[in-house]
Amino acid sequence: MSDVHSNIVTWLHDQKYWLQVAVKKLMDLEDVSDEDIGELSSLLKTEEGQRTDIEIDFSTFFDSDNSYGQLRISSIGEIKGIENLSPRVPLNFGDRNLAVIYGNNGSGKSGYTRILKKVCGKNNANELKPNVFEAEPDVRQCLIGFNCDGTEFTETWVVNSDAIDALVNVDIFDSHSGKSYIDSESDAAYIPETVALFEDLVVVCKRIKKSLESEKITLQSQLPTLPPDYIKTKYGIEFSTKLKAGIDAEKLKSYFNYTEEDVNNQASFAERLKEAPSVQARQKRQHKKQLEILISTINDAVEQVNIDACGTLFQLQKDAKNKRKIAIEGASASSMSNAILPGIGTETWMAMWQTAREYSVSIAYPSKKFPKTDHDSRCLLCHQSLGEEAKQRLQGFEAFVTGTLEKNAEEAEKTYKDKLDKLPSIPSEEQLKTNIQAAKLDEDIWFSVFQDIWENIQKIVVDLKKEHVEALTGYVLPEDIFKLIVELTESIEEQIQLHNSDAENFDKEQLTKDLNDLKAKQWTSGYIDAIIEEVTRLGKIQSYEQWIEFTNPRAISVKAGDVSKEVITEAYIDRFNSELVSLGAKNIKVELVKTRVEHGKVKHKVQLRGVVSITARAPEILSEGENRIVALAAFLADVTGKPQKSPFIFDDPISSLDQVFEEKTIDRLISLSEDRQVLIFTHRLSFLGLINDKANPYQTHIRKEPWGCGEQGHIPLFAKKPINAIKDLRNNRLKKANKIFNEHGYDEYYPLAKSICSDFRILIERVVECEFLADIIQRHRRDVHTKK
1 MSDVHSNIVT WLHDQKYWLQ VAVKKLMDLE DVSDEDIGEL SSLLKTEEGQ RTDIEIDFST
61 FFDSDNSYGQ LRISSIGEIK GIENLSPRVP LNFGDRNLAV IYGNNGSGKS GYTRILKKVC
121 GKNNANELKP NVFEAEPDVR QCLIGFNCDG TEFTETWVVN SDAIDALVNV DIFDSHSGKS
181 YIDSESDAAY IPETVALFED LVVVCKRIKK SLESEKITLQ SQLPTLPPDY IKTKYGIEFS
241 TKLKAGIDAE KLKSYFNYTE EDVNNQASFA ERLKEAPSVQ ARQKRQHKKQ LEILISTIND
301 AVEQVNIDAC GTLFQLQKDA KNKRKIAIEG ASASSMSNAI LPGIGTETWM AMWQTAREYS
361 VSIAYPSKKF PKTDHDSRCL LCHQSLGEEA KQRLQGFEAF VTGTLEKNAE EAEKTYKDKL
421 DKLPSIPSEE QLKTNIQAAK LDEDIWFSVF QDIWENIQKI VVDLKKEHVE ALTGYVLPED
481 IFKLIVELTE SIEEQIQLHN SDAENFDKEQ LTKDLNDLKA KQWTSGYIDA IIEEVTRLGK
541 IQSYEQWIEF TNPRAISVKA GDVSKEVITE AYIDRFNSEL VSLGAKNIKV ELVKTRVEHG
601 KVKHKVQLRG VVSITARAPE ILSEGENRIV ALAAFLADVT GKPQKSPFIF DDPISSLDQV
661 FEEKTIDRLI SLSEDRQVLI FTHRLSFLGL INDKANPYQT HIRKEPWGCG EQGHIPLFAK
721 KPINAIKDLR NNRLKKANKI FNEHGYDEYY PLAKSICSDF RILIERVVEC EFLADIIQRH
781 RRDVHTKK
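Residue numbering for the sequence shown follows the numbering used here, starting at 1 and increasing by one per position.
Rather than coming from a laboratory, the hints here were simulated on the basis of the structure. We treat Cβ as the ideally placed atom computed from N, Cα and C, and that holds for glycine. Mixed in with the good hints there might be a few duds.
Have a look at the derived ranges for each label pair, beta carbon to beta carbon [said to hold, decoys possible]:
no.: 1; residue 1: Gln431; residue 2: Gln286; range: 16 to 22 Å
no.: 2; residue 1: Gln286; residue 2: Lys251; range: 39 to 45 Å
no.: 3; residue 1: Lys251; residue 2: Lys289; range: 43 to 49 Å
no.: 4; residue 1: Ile762; residue 2: Val89; range: 22 to 28 Å
no.: 5; residue 1: Val132; residue 2: Val767; range: 33 to 39 Å
no.: 6; residue 1: Asp3; residue 2: Val158; range: 44 to 50 Å
Go ahead and model the full structure; you've got the sequences and the hints to work with.
As structure tokens, this is what we get:
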């Protein structure tokens, strides 16, 4: 066992037994279930679980070595509904470790990178969008091809769904991820099992803490709410703020016991306070007022539904019906007797007539008297001219409507309706309870009494609003039903008179305080059992708070920091410094430092080295190119510490770099490809030329076509090495052209041959520039390149 592992085991053996069991579960199980958390929570509460003299054997847990296979990304194809990507041929990454995907701006490179970031589950991956210039398709997905240890896999990935598990260890560098390395704290990309153990242990502690807190919340106090009047009393303060765990039950019983002496003293204090009762008199007047309102409201309501009121309403109903009948009969007997259709004077007919009136005076014949029956009058409905008979009929109708019989009928109906509208409204159950409480009556006794009365009143009200053929009998209050309330009201009035005549000649403030103390003692004495139970509950709460404190991950984080310093930070910093050297950036005054440990996770940050101003930040001081090369060094230092042989993906890694940094970066990328796949997306021809000079990468070209971006094709002629391009011209294109000539003749052969000749001429010029002149000058390049 290594020294680091031995040190961890020693630390674990100093911890409580429950924590050691938690570590064993983390080592034995792929996932600690809620059931396991429950077991650990139960163990933590026991004396055994809190012991520190029990040691679990961890010697075998740190001896296993994990082996990791090789992973490659093969292709991305069948893209549907992702940005402007619409290739007809899948983007293939070849069978070499080093692959360069070249394309101009807008050709789809960033789209492919964004897909890979999302598919590989990178934290800074943005949500993928459809082509915003087209309608969103029903299906949005792509087909990802990858190879694990020589076995090919393809998986259909739905846009913005979870990452593909097999690809989560792929590392991707672009502008966004580079900025995060140099502009903020970051976690190490790979956490060794020894350090990951502490991170997982912190998570387990948090879950146990959450479980304990959930149990603690259930321990709710069963104490009743202390009445506001007793809050500042001696016994109220003891009851509400001074109860705590460990108080003896017998002492509590003795303290809150309400004795016969207390009863006598309370009566005496109350009697003496009556001699200076201005406040009590005011309260009793309010009490009396509430009682009187409660009774008078009932009495008023009963007055409206008694036998006399029911008889009056019946007569009003009868009168309204009779007068309406007379009005209708009068209409039939009047000059309207020549009406052709029945129903003149009915409610429906009257409504129609009033509507016709409004239409005539406001729209059809404004400022003309209704009905308009002069020579050019027309029917308001069919717009036909009115004959003499129609004019006479309309004038007769209007005379009827404005006649005495109709007015009498309307007045009788209105009187009846107004009387119905004034019938009492029934209070809600909540309102009734509030009124009873305001009157200081016993709700258990009086609520049902008042509710029964109001229900009887409501029944009469409902019946009164219905049409009935004879007068209702009404409602009569049971005799002496409010006798006790009347007597109470009279007694209160007598007390008010006595209070008003009493003189104030004693220490009212102190006596009031003593009386309230006794009242509070009397009240609390009725809850002795609840008080004892509350003290027991507080003891349990105290235990839970201690158990929750056991789950504090502070000690775990401290130990994680010590271990991570040895197995992560020092190696991480060494790799960072080494990467700066490899990338030609050793003279840039930056350093990688550990900043803190949070929940078992160690944080690192790139900062300036040797600065005077502590507020100076690297992104603000370094040039754009320096920022880029330092970010690249931090990224490589981070991800190369992982044991997995997963692909590295770079999106324009040399952006903003000068020629020196560019060449160093290319050398480093080539060295990375020695033992794993390296995919590079670029739009820089210089990069493509340099990497071709130094290595033999798989190359492909993506471009924008009329149907969309991301279409794969051959590397353009100007981007190839001239000698290799000539070989391809001779061995492939010329042979194909010759075959077409032999099979299809000159007409189809001619454009191919002409294209070959044109490209051959260009390649001869490129040979002169790149081979004979060593790429020092080119025809269409302004600058002159010299090599050191």
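Now the hints, each set against the structure:
no. : hint                           : in the structure
1   : Gln431 with Gln286: 16 to 22 Å : holds, 19 Å
2   : Gln286 with Lys251: 39 to 45 Å : holds, 41 Å
3   : Lys251 with Lys289: 43 to 49 Å : holds, 46 Å
4   : Ile762 with Val89: 22 to 28 Å  : holds, 26 Å
5   : Val132 with Val767: 33 to 39 Å : violated, 45 Å
6   : Asp3 with Val158: 44 to 50 Å   : holds, 48 Å
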